[in-house]
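Chemist: For reference, the chains in residue letters:
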Amino acid sequence: MSFAEYAKRNSLGIAGIAVLVAGAAIAAVAMDLPFWEIVTIGFVERSLQAATPIALTAIGGLYAEKSGVFNIGVEGFMIFGAATAATMMWIISGGSPGQSDVWLAILASVLVSLVFAVLFAVLLIRYEADQIVAGLALWFIGLGFGPFMAVLVWESRNSPSLESINDLTVPVLADIPVLGPIFFDTSPLVMVTAVLAVAAWKFLNDTKYGYWIQAAGENPEALDTAGIDVTRVRYAAVIFSGVMAGLGGAVLLAQAGSFTGTGETMVGGRGWIGIVAYLFGNYNPIGAAVAALVFGGLDMLQIQLQTVGINVPNRLVNLFPYAGVILVLTVWGSTQTPSAVGEPYESEE
Amino acid sequence: LGGDGGDGGSESTTNIAIVSSPAGFDDNAFNDLAVDGLETAQEEYDIEINQVEETEQSNYQSTQSTLAESSDYDLIVLVSYNHTEALTQNAAEYPDQNWMLINAHVDEPNVAGYTWANHEMSYLAGVLGGTMTTEELSHEGNSNDPSNAHIGFVGGVDGSLINAFERSYVAGAEWVNSDVTVDVGYIGDYSDTDTAASIASSQYDNGADIVYHAAAAAGQGVFESAQENDRFAIGVDADQSVTLEEFQDVIIGSAVKYINEGTQEVASAVAEGDFESVTGANTLGLDEEGVDLVIGQAFEGEMPDVVSQNIQDAKDGITSGDIEVPCSASGCN
Amino acid sequence: MLRASVVERLAIATASTALALLIGVTIVAAAGYDPVQFLVSLINGAVGGESAIARTLRFSTLFILTGVAVAVAFRAGVFNIGVQGQFVVGGIATVMSIIWTAPLLPEGTVGGAGLILIGFVAGTFAGGVYGALPGALKAYADANVIITTIMLNFIATGVVGWLVQNPFRGEGNAAPNTERIPEYVSFPSVVFDSSGFSVIGLAIALATVAVIYVVMERSRFGYDMVTSGYQESAATYSGVSAKRTVVLTMTLSGMVAGIAGAVFAVMIQGYYTDPSGIGTYGFDAIAVSLLAANNPLGIVPAGLLFGGLESAGSHIGIYTDVPVQLIDGVIGLVILFVAVPELFRMAAVRTGLGGDR
Amino acid sequence: MEGITKRFGDVVANDDVDFTLEKGSIHALLGENGSGKTTLMSVLYGLYEKNAGTVHIDGEPKTFESPRDAMDAGVGMIHQHFQLVETMTVLQNIILGHEPSDNGFVDTATARWDIEDICSRYDFHVDEFLDTKIRDLDLGARQRVEIVKSLYRGADILILDEPTAVLTPQEISDLLDLMGELADAGHSLIFITHKLGEALGAADEITVLRDGAAIGTVDAAETSETELARMMVGREIQFDRPPRESPEGDAVLDVEQLHARGSRGLEQVSGVDLTVQEGEILGVAGVQGNGQTELVEALTGLRDVESGSVRLNGEEITDTNRRQRIDAGIAYIPEDRTTEGLVQDYTLVRNALLGNQTVDPFVDNGLIDWETVHDHAGDIIREYDVQPPNERSEAKSLSGGNQQKFIVGREIEHDPDVMIASHPTRGVDIGSIEFIHDRLLELREAGMAILVVSSKLDEIRKLSDRIVVMYEGEFAGAVDPVETTEEELGMLMAGHDAGTDDGDSEPSGGVHS
Ligand SMILES: Nc1ncnc2c1ncn2[C@@H]1O[C@H](COP(=O)(O)OP(=O)(O)OP(=O)(O)O)[C@@H](O)[C@H]1O
Ligand SMILES: Nc1ncnc2c1ncn2[C@@H]1O[C@H](COP(=O)(O)OP(=O)(O)OP(=O)(O)O)[C@@H](O)[C@H]1O
Ligand SMILES: [Mg+2]
Ligand SMILES: [Mg+2]
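Chains as they are written, first to last, in my numbering: chain A, 1 to 349; chain V, 350 to 682; chain H, 683 to 1039; chain L, 1040 to 1552.
Only chain A is shown next, with the shape it has when bound in the complex (with noise of 0.2 Å):
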């Protein structure tokens, strides 16, 4: 594929980047700022970690939306996914949780993940719930019940301190300058988002399983004459995007090491980022992590802002991602939304 073709497909992910960019070279010529104080090792890995969640759930509700269902309550199943982590992680250990607990937690926190998806695939799908409207439930849902989660077994919507994930170290390259301790010396979920991330584009467009997904979203009925079972294949991505914004939550937990259910919870709308980085990524699985990349950047850039002391009211940048997808939507138009994402498909008979 041309590197045209490339840019014209992923024109939204590309866009943002270079938004992105520019604004931070301007700002940075602007007011001449340290710069190297601001881009420090730790602010990229920072930003990785901060991607990663948002990373895993994109790439899920990328594949939801590519079978022809908007999946909009990724949000509640993060919320699901950190709760169940947080809690299981408890079980499991007994009260004192290790390494090994904070795997198992995330494991446990994808097997509950998936009955949650299966239940929400079954109303989607078989019942033909209304895609907006339930998502947003799950939302709410997702508010009530991971808290709750949390007051059942603390007796409080906050757990104490648990275990949170220990970086891992690749020798040898972990002293490779710079690049070393950004990409060797670093969580292990990153770099299990960034090969999930490949493996997933690589599905999507050269399995058959893959091909199956983008004609479920594009035209059902083509599938279901070739004698593929349409709502399989959707039960399927569908259930994949629960499972994968779970384990967005779940990762996100044990990054914290503590879950809090107060006020948003933990999950403060990293989910609906999600959404919004397959957008940018234009239905790319790439493009989708590099898009939540993006995102994880500013969040952090702003952060690097305060700490040198410049002060941006934070309430306002904390906004930026959301303008900047009206400004890319608009400056580019439209996504290449599936055509008949949001439309239940029945065959004959």
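Simulated from the structure, these hints should not be mistaken for lab results.
All of these numbers come straight from a predicted model, not from anything done at the bench.
Here are some of the chain A residues that sit facing chain L, going by a computed Cβ distance under 8 Å:
(1) T207
(2) K208
(3) A215
(4) E218
(5) N219
(6) L223
(7) G227
Each residue gets a CB set at the ideal place from its N, CA and C atoms; glycine is no exception.
Please build the complex by placing chains V, H and L with the ligands on the supplied structure of chain A, with the hints as guidance.
Modeler: What follows is chains V, H and L with the ligands alone, placed relative to chain A:
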């Protein structure tokens, strides 16, 4: 004097309702402390507590009046200044109802307004940070870097209330060491632990070795980050080296305010049928021993003497008025 | 779904609520609380006594208005998820316009009425503009409305949150609140003597419903709007400009949301504060509208139902030790089941309770 | 197929139908709209479960639960509406559901090889654009992709439901040749059409359905259009051009040097001049994609004009929008009835208001008078014999033919000065075709100016007083409908001046310019 309310429960029982701040209970901060105090009072008197969690400010008006209307309660405790607007109306509307408002005051005879001098305790936190950043200290693998005077602050929402914590903390640090650097960062809410951790990490990276937080529940992230970076932190509101003992290895101290004692005082007064004694605006600062700075339980005795020395001097200065602490108990305007 | 009969709608509403409550009660019991007490206080909270009813009607008023706002857009095939944001923008505009113009007008009832009028105009206008924005972006840049409106919700909350914290914060307020609007700027309390609810507010809501109903069902503009909602190409063929229609639809929808914001500001709050603390009316409204099959008339009962639930919620929060989160969760469940009429239709067909297919 | 019966609720779509397809032959299936053709084939393809009857293939009884079973038994169906994924490439579409895999990944190399093999056997010219996205192909090419898809899946029985309805004459002849080749190669084809000429030309045998029942099967060699028509409709059908004297009205619609761009931004109408007089029908012939669509849209106000002028009764209307032109008296029977002419989910009543939003008495200062609209709908249904005769039935439940009649009725009732009819009888059965033609001719008698765009030469010749041929955005020439022959027209449409003869027929290309 709350007499009218007595009819809920038997004569002797004192019924108290407490309405949360938007942050809700379980904030490891003033909501929980306020309840704490009531529970302490419970040990002494026959008190029934009804915890009402309301996180939408737009509902305070009706929640308050519903509680007052029922006239079941001898005292209604309202946590945080978010209740002020609503109470301004209800206090007048229900003149026979006893109210306690935390962190603000409404000028009515039936209101006991309690404010704690956040600025004073934060000033002391600043003194602690400003002193220790240039001292040798290492504890269970955590250590700070005496070579540079550099500390940090992580706030919840960037608004007048938390600004008071920030400015006074900075002032305190500068009082000790005029050329100290203080990194400041705000989360944007009180629940995003992960972002809190990122901010702290960013500050530790930047050279800070002690970070003070005023971010309620999200503050845990700061301690997580301290452990990760083998640095230190300062807790807030309660002695967090006790309430979150899993972090006692990094919490060198906490700026504490005895909200619990405030609510206990009022609860007891009501139980005694002597609410008048507590009505009006009560600002509890160092003088009233309403706020203080305590050393983390793992660090008692490990601190160089200069610490306790400086803190004592600062306290004297503040009470005597020689030290001018910026902002006020209710915030920074 | 748009053609579902009234009876069927009512059945679905009842069924979904019942099912959600059933699950809720089960959880309540499982978590070791008293389910009976829970149900009792649920009823009491919604309709037990004057103040409960007033509270229910207060919430209903907002749900009806925001619900209609959603219905207008959805009927025209424009997925305006941004009612929450338009509601917020309308609210702040109302409060600030009143505060700024108050000094210029005489105090007392007359001035009060005048200021209310000004406030409502400002709120409606602001809501309309904030709705028109994504409409224009859709029409002229083909930007997905669902996404832009969701984004604009976050932006409204963030910016207004910052405004009330900084430039708009009232003199001497520590809390992020604007000044209070003058005492005399408020609805007279007819029938119900309850702060936070006035029959006038409800009347405004019902009037809005009536107007919107006529516009949608009997006016040419409504026909154009709905037609391009069903089939844009056909609308274009019949001489309707699709772009213009999207913008107008979103404007109208935003204006209704703005009215909701104004009612909230004048009737309930009396000042403005950080929007992250004023509830998610604009989101719940989507469920309200859906429950009513996006039919303006159906919004009224649907709004009452949600008002009742919300009201019961706060009552339970006050009088039982059942955690609030649980109640939020249950309301979430109701919304979820509302989104799945098929579930109940099929169930009905199975159990022979009727229902087509 | 024996005794096939299929009911939808109380509708009997197929009523005890027997149908036999000889190996290696082409079998045409005729019938009016709603006569049960598609249903019968859907049963054979396993889309519908039959209520009664049996299907034998090579003598063995078969029952198909799903299209999958049918495919496995070597039955392939090309639907009335293409079943292609626009955003995917030709290759991906062809192998969809039957992807050759090589350790998990799709083995495109093998797929490519197989497809090229198929294409090399017949001249599909599909392999030339295997990596092009469907959305960049014209209809003819898509049709061929559909066929290759079926062959790739190993079909030896091919069902084509109205494959020619949307094709240009050039594409049609290519397709019919192709079908011939396939039959010679031993494939058996079933071919649904509304065009009797095609059936006679291409098929070996012809079966006619009426009201779900098989009227009979005849040998294509020994039947005539008239006979077939009688079998379909049960009465005589008038084909030939009614005699008439040429009109001398004054010009009603007058267009000068019109230029307009197509959706892709390329100029599609380049300097067209035309006049339509009172009481005249001007026929615009041409291969689809030569600018007719853009021309019509420019005239009806659906497309902005680059330059040039449009005048109605001498009045300049070039810059007026669609709504204004409706009011000015330009009625329009759109090319695509299902997406433009009718709102599928609306009842006929609500559809009767479509385009009349500004017209008294239906709308009075912004408010709609539904009673009047309802009566109006009733009138149209009665006058134009729309089935089923019920104002409350939804547009989508009507067959295309009936949908078309309703639209024609609605547009005529505008009593406009100009009627612009674009492919007024596409995909419509001959009963309805005749009906619509008669209406148009009546209007002509009544002195209306009518512009008819069609790719059906017989239609053009039957209706028009003058014929202009459109080629690459320009008028290639005007001919007299009586003198001219279909051959001459075909030449002009192919871009050759009438007379000069080099009838080379390359399969019409695939990828859009
Ligand atoms: N999906 C369906 N549901 C209900 N009835 C149907 C359906 N499809 C067809 N019918 C009925 O079966 C009859 C035959 O329909 P069919 O589509 O086979 O006609 P057709 O011969 O293909 O018409 P056309 O020439 O317009 O394609 C119709 O008159 C209709 O009443
Ligand atoms: N979902 C449906 N419900 C009821 N009847 C249907 C349905 N779908 C098709 N039909 C009937 O099937 C018959 C033919 O349907 P079909 O869609 O094949 O018509 P069509 O192909 O559009 O007509 P034409 O061949 O003139 O274009 C019509 O009479 C229509 O009433
Ligand atoms: Mg047909
Ligand atoms: Mg058919």
